Amino acid sequence: MAASAMTSTFVGTNVHAKARVSHAKAGRRAALTTRCGAYDEELVATANKIASKGRGILAMDESNATCGKRLDSIGVENTEENRRTYRELLVSTPGLGEYISGAILFEETLYQSASDGKKFVDVLNEQGIIPGIKVDKGLVPMAGSNGESWCQGLDGLAQRCAEYYKAGARFAKWRSVVSIPNGPSTIAVRDCAYGLARYAAICQENGLVPIVEPEILLDGEHDIDRTMEVFMDTWAQTFHYLADNKVMFEGILLKPSMVTPGADWKGQKPAPEVIAEYTLKALRRRVPPAVPGIMFLSGGQSELEATLNLNAMNQSPNPWHVSFSYARALQNSVLKTWQGNPANVDAAQKSLLARAKANSDAQLGQYTMDGEAASAAEGMYEKGYTY
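Counting in UniProt numbering, the sequence shown tops out at residue 387, every number present.
With a straight-line Cα cutoff of 27 Å, these simulated BS3-like cross-link-like pairs (lysine-lysine) come out:
1) LYS350 to LYS53
2) LYS118 to LYS350
3) LYS119 to LYS336
4) LYS53 to LYS357
5) LYS357 to LYS119
6) LYS350 to LYS49
Just so you know, these hints were derived from the structure itself, not from any lab.
Note that this is a predicted model, so its numbers are computed, not measured.
Take the sequences, apply the hints, and build the full model.
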C-alpha cells in the first residue's frame, strides 16, 4: 500500500476511534447527570433551617388513636376538640421557637386552628417553627415474614404532598421499622429501605423535605453490638436506594434510633458516652456529610436518657447537625402537668419549654442535670409500640 494511502487509512481510523471515545465520554456524562428539581434550592434552605444550631424538632404527629391513648392516661376523653385543645397548648407555647425549629403534625392537626381562629400552621410560622406532616399510612403485617411489617402510603402520595405543601407544610415524615427479634429478614430491611427512598423522591418532587426514618425497634434481648450490625445494614441499604432514586442528599434529614442494647437485655446498661461512641461510629460509616441533619428519635427512652445521650454525641464536632426529633421525650411531662385542666396550661407550657431547652442545651453539648425532676428518669418503653 502507498504511504499516502496508509496515512489516509490511519487518520480515518484514528478519527473514528476518537469519535467513539468522545461518544462514550458523552454517554458517561449523560449517565452521571443529576436531577435538578423545581424545589431544590428551597429544599436545601428548609433542611438547613430545621438543622439550625441549638434547635430540634417537636414530633406531635401521633395518630388520633395514639393521641387518644395519651389523653386516656390523664383521664381526658379522646374527642377532636380535646385533641385540638392539647395541640394548641403545644404550638402556642411562648418562646418555643427558640429551641424548636420544626413541628411534625398529623393530617388532622395541619388543618386545625387555635381558639382565636388562627391556623396552627400560622401560629408555628410566627415563632419561626417550620410545619411538617406525617405522610405514611401506618404499618401492616408483611406476608410470609416472622411477624415483621411494612409501611404503606405510597399510593396517592404525590397528590397528598402537593396538597400538604399548599396547606403550609414544608417537610414530611415517614416511619418504617426494623425488628431485631424477628430477624430482621433480608426482604423486610430491603422493603423498609426502598419504601423510604420512593417516599423521599416523591416528597422532593413536591417541595417537601423528607425525614428518612428507619426505626430500629428497642424490642429484644440483644446486645449493643447486634444493634449496631443491624443499624449499619439498614442504613447501607437505605442510602443505596436513596441514590438509585436520585434523592438529593442536601435536601433530606435523617431520624435514626440511637444504637443501644435491646430493652430486655440482661447486661449492664451502657453509659451515654458508650451509646454516643457506637451511634456516631455507625453513622460516620454510613451517612454522607452532604446530609444536613441527624434528628434522633427517642424510641421509648426516658426524657432524661434521651437528653443525656444526645448531649454525649455533641461533645465533639460532627459532620452533620446532630439534634432531636422527640415526641414522648418532650411531651410526657407536659401531659402529666396539664391533666386536661385549663388552669394548668401555663404550667404545662413551662414544662414543655424546660424540656425543649434541656435538649437544645444537649444539641450544643452543654446540658447539665440541674433542676431535673425524678420523673424525668421514668422509662417510656412499650413493647411493639405503634405510632
